Amino acid sequence: MKRSKIILSLMLSIVLAISLLAGCGGNETTTAPAADTTTTTAAPADDTDETTAAPDASGDGYAGELTLMHFSTSEESQGNGGSDGFRTVIANWETANPDIALNQTVLANDEYKTQVATLASADDLPDVFLLQGMNTKLWAEQGLIMDMTKIIEDSPHYADYNTSYFTPFTDGDKIYGLPVLTGGTCTVIVYDKAAWAEAGFEEFPKTWAEVEEANEYFTANGYTESIAFGNSGKWQMNSCFLSTLGDRFTGPEWFQSIIDKGGAAFTDEPFVKALDYTGMLFQSGVFNDDFNAINNEDAREYYISGETPAFIGGNWDVSYIGATLLETDPERYENTGFAVLPQPEGATGSENSQNIGLGYAVAINSKLADDADKLAAAIDLAYYVTGPDFASYVAENYALGGLTQVSNVDLSAFDQFTQDFYNYSYIDTAACEIYDSYVDGAVWDVLNTELQNLTNGSTDGATVAQLTQEAYEANY
Amino acid sequence: MLTRRPPLRVIIGYLMIPLALYIFAVFIPLMTAAFYSLFEWKGGPNKTFIGVANYVTLIKDKVFWLSFSHNLYLILLCVIGQVGIAFVFVMMINTRSVKLKSIHRTFGFFPSTIAAVYVGFIWTMIYDSRRGVLNWLLALIGRDDLKQVWLNNSDLVMTLVSIPLIWQYIGYYMLILLSATSSIDKEIFESAELDGANAVQRSIHIVLPMIKSTIIVCLVLCVSGNMKVFDNIFVMTSGGPGNDSMVMAMYGYKISFIQQNMGYGSAISVGIFVLGLLVIGAMQLFSNKFSKD
Amino acid sequence: MSEKAYGMTVGKKVGNGFMATILNTIMIVFSLSCIFPLVWMFYSSLKLKREFNANIVGLPPAPTLDNYKQILTNADYHIADSMINSVRTTILSVFLIVMFGFVVGYILARVKFKGNRIIWLMLLMGMLIPVHSLLVPIYIVFNRTGLNNQWYTLLIPYIAFGMPIAVFLIHSYLKGIPIALEEAASIDGSGFTGTLFKIIMPICRPVMVTIAIIQTFACWNEFSFALVLLRDVGLHTVPLAMTQFTGQFSSDYPKIMAAMLITMSPIVIMYFGFSKNIIKGMVAGVVKG
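Protein chains in written order, with this note's numbering: chain A, 32 to 507; chain B, 935 to 1227; chain C, 663 to 951.
These aren't lab readings, by the way, just hints derived from the structure by calculation. Misleading hints may appear alongside valid ones.
Partial selection, computed: residues in chain A whose CB lies under 7 Å from chain B [stated by the list, open to error]:
no.: 1; residue: Glu142
no.: 2; residue: Thr145
no.: 3; residue: Lys265
no.: 4; residue: Asn269
no.: 5; residue: Gly472
no.: 6; residue: Gln483
Computed from a predicted structure; not experimentally measured. Don't be surprised by glycine CBs; every beta carbon is placed ideally from N, CA and C.
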């Protein structure tokens, strides 16, 4: 008797808990379809458009708290020009707006992503935060982020914006953020000009066949391989290789169609070819045999120590390699050059492309639409941290570019290494898109996992494409 | 059990606060997850009720079941490795011939206190194909043919990632077993002359039954810990190559946070929980049968 | 000194000596391997980032205290605040885990009442919950109740998730303790509460010390709850403060290790310094039964 009573009361409390939650959950869902929420967010946004012009000039109509979340930690800013610039302009803005208590939560990037995802799920995002490109559509649909199209057009710096950086944060004709930090390439070949000259190449080879030819020379002359690469984190193969190599096969229209759901599929022949080519290259012995067991931080050490005459990575690797070689091996520093990926056989796209972009944008919580003054303050902050002050700071100190273009960057103060890399990133090459700035994390997670199998030779391009396509259809 | 039971209100008084706290922090989130698992929920305020569709997906999800098989393999290795070796070490420490007892007791526990990322670091360097200790040792004994990129070997990777886990937690179980043996009379350990067969027999026939209930707690800890293991493997391989070292908790985390599929992620947590209960239940049945025999 | 005369004993002694050497060697190798990470972390903290990246296990080519200087002088790192938070959270959590664990464990082991088994089962379930994939529900529950982002926030999950292990260990320990003692006390007129704290608690000291050690390190190192449930930098615990040294694309591991050694030093010194006393405490409670 008693036992059953206890079980009963336990069950009751469980039922109570569930119904409590169901109640809350019910409110959340509010049977409001996505369309409904977008209209509600769109309307207040329009209202505020009129108000933006006025506080924008002064920027200090609001007194109170403004919460900001970002990942430019004090540590990150040491050696990372974008973070340093970002922290600097935030500090300037704080000084200029003493009435606003800017409450910052600064976490390292990984933790930032986890916490922002949690807060988004609980509909409890901070006022201003950094939005990752691939979350744009999803969060816009959920009504979490404010439509900033008008805000951006009203920006005093609009004329100087590099508008191509807006694409990852665009859904249809609406833009949801002001791209922030610095634009950097994700795929660059860093190579030792002297070593490749010895192998008979005055500049980096234009075709992979020539790389394989050079590889014979290198492996016979004390190098373990020609190019170092690290992919144990799984994202590197996508961001720092396939994204560019794929562009060579498919051209930019295909990826645009993937983004727009315009009919293109991962199973389309050019993309499958790109996959197979990637698999073939990583099986060919041109790369270090442990590329799937080490990450990019280990792989670049192969280049720094001189074991390997070239390395493929992103701008973050270049700044580390530069700073390290400058201290340990000035001669290699002088000899270091930058090159785009060689053109694969059978590829018909641009021969000179590399993927570059801004991965994050300043986004504003859609709830700020209810508080015009606070919103004005948030907009002012967003304009400022992506505006000319930031751009000149990073250009003058690091030879880096952001959203706002600065005319007449004087590179003469920088050494050859920095100048070369600036030219590689912004001048001499054609830009293509970074895959994982778009679409959906689920698609890339599947593709990245399968890329490890592909480059290990345990699956083929068609299978990888099929699985990626399934994830694309299911999630996007 | 006490023959004179204290009044019920005393018991309720003692149990109320801890259990209320426990239910709030452990059960309500679990219920919440169970509730969310019935929705298509990509993170954010909008959810769509889809009934048990997530569980249907889960049952068909090959990666999840592959991960489960990896967890089972880990449990097998760790029950033998962690609890088994810890028991042997405790027996050894309790013999008279082993010196520096307090040092072993103190040092052994240390690895389990370090964050997984550092343990991962050290072991990644052991397995590293170029600078690693393992390949260096193989070269030293003239077996260059066995040298390889260890963590990229699909067949070995689960075993390789479990070794650091075993090493890290031996001391943890040693500590628990030592506290259990502290209630055993020292003479039991020291009376007999040290003689291989005797020592082993004594351990199995005298000591083991005396600390049986603690051993069972250790086994439950070991099984439940390995059902939700995450950090070490994430640091060493991120589940790779491919999904060859994927485990359930990492998969759930990936689905929830990297793929931002909170609804399905919740279904996976519930799945891990239910499978955990089944494994523990099976273990108890087995041990009951075993102890009856 | 005839060999024959001592043949047997010597033989046996050599045998024992041989066995003992093997046992000692195994234990020493194991203990050394256990302490190696600490040694490695220490000498790595004397390296520069690029020296560490170039050779992860090597000794520092030019030992430097720069990392320590930077950590102790840079206020952005808020190391001191985070240590205060961690110390407070850890001490309170561990004390309550041990006390709750003791009381609940004792009641489950010794008092027969309906629901005993259910509570036991519930606690078992708690050990099977995958925390990483429950972070969002936990956040939502705490956020709804306004219990997140407070100085006491972390006590709740730490106690709740630490309790099952504590209960089980106490429970199993008491199984080895004869009940006669409590029955005698009870006959002498000692009430339930008196018996619990005056008679049983001293007996359970070894296992309570064990629980305290395990939980101290567990609470000190806990990361996921702290990440999700705290937002104010002023409330951050040590593991969260450590993440500042991790960049988006590169991490300064020597600096992290220096920071870890600084922040762990109080608890490691306490553990090693008092290990003798702790172990004595573990043995002191022995009842010959």
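Identify every previously stated hint that the structure contradicts and give their numbers, smallest first. Hints 1 and 4 not satisfied by this model.
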